[in-house]
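Generate coordinates for the entire structure from the input sequences, incorporating the hints supplied.
If you number the sequence shown the way this note's numbering does, the last residue is 1516 and the count never jumps.
Just so you know, these hints were derived from the structure itself, not from any lab.
Careful: at least some of the hints might be erroneous.
Said to hold, decoys possible - Pairs of lysine-lysine residues, derived as DSS-like cross-links and limited to a Cα-Cα distance of at most 30 Å, are as follows: (1) K1435 / K1371; (2) K1435 / K1400; (3) K1400 / K1371.
Unchecked claim - What follows is a set of in silico ranges between Cβ atoms, one per label pair, in the way DEER data are often shown: (4) Q1510 / E1367: 36 to 46 Å; (5) R1495 / N1432: 15 to 25 Å; (6) D1427 / G1385: 28 to 38 Å; (7) T1504 / L1392: 31 to 41 Å; (8) G1463 / A1499: 18 to 28 Å; (9) V1430 / R1485: 20 to 30 Å; (10) L1375 / D1397: 31 to 41 Å; (11) S1415 / G1385: 34 to 44 Å; (12) D1498 / G1414: 11 to 21 Å; (13) P1440 / Q1364: 15 to 25 Å; (14) R1494 / S1415: 36 to 46 Å; (15) D1498 / S1355: 29 to 39 Å; (16) G1446 / G1414: 16 to 26 Å; (17) T1388 / E1457: 29 to 39 Å.
Backbone N, C-alpha and C fix where the C-beta goes; we use that ideal spot for every residue, glycine too.
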Amino acid sequence: MGMSVTISAANEQDAEQILKLQYLCYQSEAELYGDYTIEPLTQSLDALKAELAGGCVLVARLGSEVVASVRGSVDDDGVANIGKLIVHPRMRRHGLGGRLLGAVEERLRAQGDVRRFELFTGHRSEHNLRLYRRNGYEPVATRRVDDALTLITLAKDAQAPAAVA
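Take a look at the structure:
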């Protein structure tokens, strides 16, 4: 490609690109579960800007284009919640998801006392499950949402090594 991908903190100017990328990336999840009303597809720009202002949001850029993103926050119990890890379809299978996961883990560790990392995905999302397991996450809970969807929560100890691509 000629350019390298860089990972950095997102800013408010990235909000529109992140939202468009999120919409693109979650189409396959919506199709997998037959539900196009999932929150990532209905989130407003204002709601995303609020997340940018209040949490840890990282982006991966190829030149000036946002090609991947991830969000995280730490609760009062020291649990770092990671969500909305998205990678542009043309950039998948190059280790970018693992790089972003490692970067957000490091950022969240640096924010304070993190005991463990948690994230979730749907039971049919095999690519996501494989990525998370490869990076040290283990299933810790399931929650049936409806006939089509069961959410799997995965976690790992914060003392475990950072994710690897």
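Task: Hint check against the structure, violated hint numbers in rising order - done: 7, 8, 10, 12 and 15
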